[in-house]
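Participant: Listed below, chain by chain, are the residues.
Number of protein chains: 2
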Amino acid sequence: MAVNLLPPDPAAMLPVAGVTLGFAEAGIRKAGRRDLMLMQFAPGTRVAGVFTQNSFAAAPVLVCREHLRANVAVRAIVVNAGNANCGTGEQGLAAARATCSAAARLVGCDAKAVLPFSTGIILEHLPVNRIEAALPACVKSLAPNHWADAAAAIMTTDTVPKGASTAATIGGKRVHVTGIAKGVGMLQPNMATMLAYVATDAAIAQPLMLRLVKEVADRSFNRVTVDGDTSTNDSFVLIATAQAGNAEITSADHADYVALREAVLKVAIPLAQAIARDGEGATKFITIRVSGAQDDAQAARVAKAIAHSPLVKTAFFASDPNLGRLIMAIGNAGVADLDTSRVSIWLGDVRVLSNGGRDAAYREEDGARVMKPAEIDIHVALGRGSAEQTVWTCDFSYDYVKINAEYRT
Amino acid sequence: MAVNLLPPDPAAMLPVAGVTLGFAEAGIRKAGRRDLMLMQFAPGTRVAGVFTQNSFAAAPVLVCREHLRANVAVRAIVVNAGNANCGTGEQGLAAARATCSAAARLVGCDAKAVLPFSTGIILEHLPVNRIEAALPACVKSLAPNHWADAAAAIMTTDTVPKGASTAATIGGKRVHVTGIAKGVGMLQPNMATMLAYVATDAAIAQPLMLRLVKEVADRSFNRVTVDGDTSTNDSFVLIATAQAGNAEITSADHADYVALREAVLKVAIPLAQAIARDGEGATKFITIRVSGAQDDAQAARVAKAIAHSPLVKTAFFASDPNLGRLIMAIGNAGVADLDTSRVSIWLGDVRVLSNGGRDAAYREEDGARVMKPAEIDIHVALGRGSAEQTVWTCDFSYDYVKINAEYRT
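Chains X and B, in that order, are what the protein sequence lines are.
Take the first sequence: its position 363, counting from 1, is numbered 1396 in the working numbering, and each next residue is one higher.
Take the second sequence: its position 174, counting from 1, is numbered 1207 in the working numbering, and each next residue is one higher.
Do not rely on the hints blindly, as some may be mistaken.
Since the list gives no way to pick one copy over another, a pair counts as held whenever it fits inside one copy or between any two copies.
Cut-off 20 Å, straight-line C-alpha distance, at most; resulting in silico cross-link-like pairs (EDC-like, lysine to aspartate or glutamate) [said to hold, decoys possible]:
#1 1063 with 1353
#2 1063 with 1397
#3 1405 with 1439
#4 1063 with 1295
#5 1206 with 1058
#6 1063 with 1421
If you're looking for bench data, these hints aren't it; they were derived computationally from the structure.
Given only the sequences and the hints, what does the whole structure look like? Please build it.
Facilitator: Pasting the structure below:
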C-alpha cells in the first residue's frame, strides 16, 4: 500500500564504524515476529535526541530525557515494538528503567548509558519480563550490517521497513550516515509512533549535537504529517561515533558542520518522506510547498492546515479536483489579516487560483490530470513575504479507517 | 445513518409571528430538488448574525457583513444549496448582490435589507440566473408554517432535515422560538456548510441582539465539530420579530434576557447536536465534557483536541476501547505545564484513568460495554481549576471517506 516505497536494500545500508545492531523475538504483543532491537555504540560516541511535545510523554521518553540530562555517555539503545509504555504511571517508569538495567548488565555499562524506546499500544503495561528474556538474543546478534533487520524489528503498522544511507567526504575523510525510522499513523511525528535513529561515524563535538539534531528534525521529521495526531512516544536520535577520522567539528559556522548536516539530511529527509509514503492507508504522496509567507512558522502553519484537513485528504484519495477544499484549509490556518486577493495555488503545473479567485484559464480536466498520479505537488503562494516551507503528507483512504478501527483486533 | 435523529415534525415547528418561509427548485446543482429558500420578516424585526472565521469567507458572508453594517432593517434572507459561491472573486460578490436585488424587488425592500447565504461546492461560479428565475416561486410559497420544508431546502449532504422549536413565557407573554440548521461536514461549525437560522417573536432591543447571538453560538454551534474543518460559509442568524407583545428586553441583566437566552438555547442546542448526529458517516454521537480547567477556553481546547483526533474517532467507530488514544489527544491540546498525574478520564460510568495512569480497577470489558451504544459520554477532569465545557461530535467511519471522496461525483 505504501506509495513508491521499497524496503532498504541491506547492501546499501552502509555500516557506521562504532555501531552494531541486534534484534530478537520478544513476543511483546504478537508471537513470531522480531519486536526488540538493541543498538550498541563504541566508547566516545555522542548522542542527542528530540522527543515528543505531547504532555502525556511516555515513560521511555521521560527516562530518555533523564538519562540524557545525566551526562553519561550513551552506549546503547533498546527499542520494543507492540507496547508504547504510556499512560502506565510509576509502573511504566519502573519498567523502562528495568529495561535499561537489563541491557546495561549485558553490554557492560551504567544503566543511565542506555536509552529506552517503546512503540505500540498505549495504556497497557509493558511486559518487561519478556524484554529481559529476549535481550540476550539481541546481544548475541549484534553486528554492524544489521541496519535493515533493525528497521524491520521496530515496525508496528508499518508495511515497509524504512532505512536510508549515504556517505560524504568531510574534512578530507570518508564519513558515513545511516538511519532507520518507523511510523505510519498518530503521526504528526499512532498508535504507530515515529521513531528514528540516524548514526554517523563523523566526529562532532557534543555541544553541537543538540543543535544538529534540532536543525535536521525541523527540515525532515517535523515536516511530515499523516493524521495530525502527535504520538506520546515520538523520538529522533542522532548518534555520532567519531570513528571516521575527520577533525572534530566544533563550530556550526564551519563548512564541515554544514557538510555533515547536508549528509544527515540526505538520510533524514527520505526517512521522513518514507513515513508519509507508508502513511496508514496511503495511496498518494503529497508535497505541499507554501511560499510568500512572512516567516517559516507561518508557511508551515498554512502547509499543515492543508495537510491535516480530512476533506483535502479524502479529495486526494478520490483523485477529485475538489480544490475549493484547499481554499477552505488555507483560510483556517489562522493567518492574521490574510489578504486572500494575493493568494495563488498551483496543483503540479496547473494554476488553480489567481489573486484569490478561480484562475480564468483553469479547466477541471487539467486539475483531474494532475490529481491522478500517486505523487502530487501543491504550491500555495501567499504573497506576503519571502519565507517558504515544504510539508509531506499522504491522502486519507478507507484503509486509514480500517487500519485504525481494527488496530488492536 | 444519522444517530438518533428524526426530521422535525412539521406540526411541532411553532410558527413565529412575523416570519414566513418559501422554497423552490432552482436546479443550482441538481435538478428535481428544493434548493432555494426565502425567509421574509415583518417590519420591526431585529436580526443579528455570527459568521465564519475562515480567511476565505465566501462572497455571501462578505455581503451579509456589509449589509448588517449598513444598519438597514433586514426584511428577508435568501439561501441556496449546491454552490457555496466561495473562491469566486468579484464575480461571486456580484452574484451575491444580484441575488439580494432580485429578492428585494419581489418582496419590496432595499437590496441591503436582504441577506444572502450559499452552501455547497467551493470554487465554482454561482448560477445566479437560476436563482433569479426561481425566486418568484419562493415568494409565492411564503407561509408561516413552512419551517420543516425550509429545513429540507437548505440541505446538502445532510441526510435528515434539522429543526427545533420551543415556547416560553417571558414578561408575561407567550414567546415562540423556532430554528433550522444544516451541516454535516467541513464542520467545526464541509462542503456541507453550517447554516442556522433561529427566529423568535420576542421583543429585544437591537443592541442586545449581537450579544445574544454570540452567547448562544458559544454554547451551541461553536461546541460542535465533525471533522475540524471550518467552512468558508458558516453562518448563524438570530431573528426577533418583536410580535409576542412582551415588554422589549433592553438589558442583559434582566431576568427576561436570561429567560429568552434559555429559550433560544433550547432550540440552538438540539440543532447543534443534530449536526453532530448527522455528521458525515456518523454512527456514534459523542459528548465530551472537560472539567477542572483553568478557564473555558482551556476546557474547550482539550475537548476539541479529543473531538478532532482521527484516531479517537476511528476507535469510537470500531467500538474499540483503545483509550490510550484519549490520552494522546489530551496531551496534544497544548495545555502548558499539564500535570498529567492530576488527570482522570471516565467513559460513561467507567473510570479509565486515575491520576494520569490506567485506573487499577479498569477492565477492558467495562470499556467495551460503554463503547457499544450509539451515544457515548467522555468526561475528562484536568484537576487544574473549576472551568468546564462540553463539545459534541461524531465518530469517523468508512462512510465519512466515501461521502467526501465522492461528494462531487
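Participant: Hint by hint, note whether the structure agrees.
Facilitator: Right, here's what the structure says about each hint:
In this assembly of identical chains, residue 1063 and residue 1353 lie within 20 Å of each other by CA distance solely across copies; the values are 19 Å between and 39 Å within a copy. In this assembly of identical chains, residue 1063 and residue 1397 lie within 20 Å of each other by CA distance solely across copies; the values are 19 Å between and 48 Å within a copy. Only between protomers do residue 1405 and residue 1439 lie at most 20 Å apart by alpha-carbon distance; the minimum there is 15 Å, versus 29 Å within a single protomer. In this homomeric assembly, residue 1063 and residue 1295 never come within 20 Å of each other (Cα to Cα): the closest approach is 39 Å inside a single copy and 54 Å across copies.
In this homomeric assembly, residue 1206 and residue 1058 never come within 20 Å of each other (Cα to Cα): the closest approach is 38 Å inside a single copy and 76 Å across copies. Taking the shortest alpha-carbon separations for residue 1063 and residue 1421, neither the intra-copy value of 44 Å nor the inter-copy value of 41 Å comes in at or below 20 Å.
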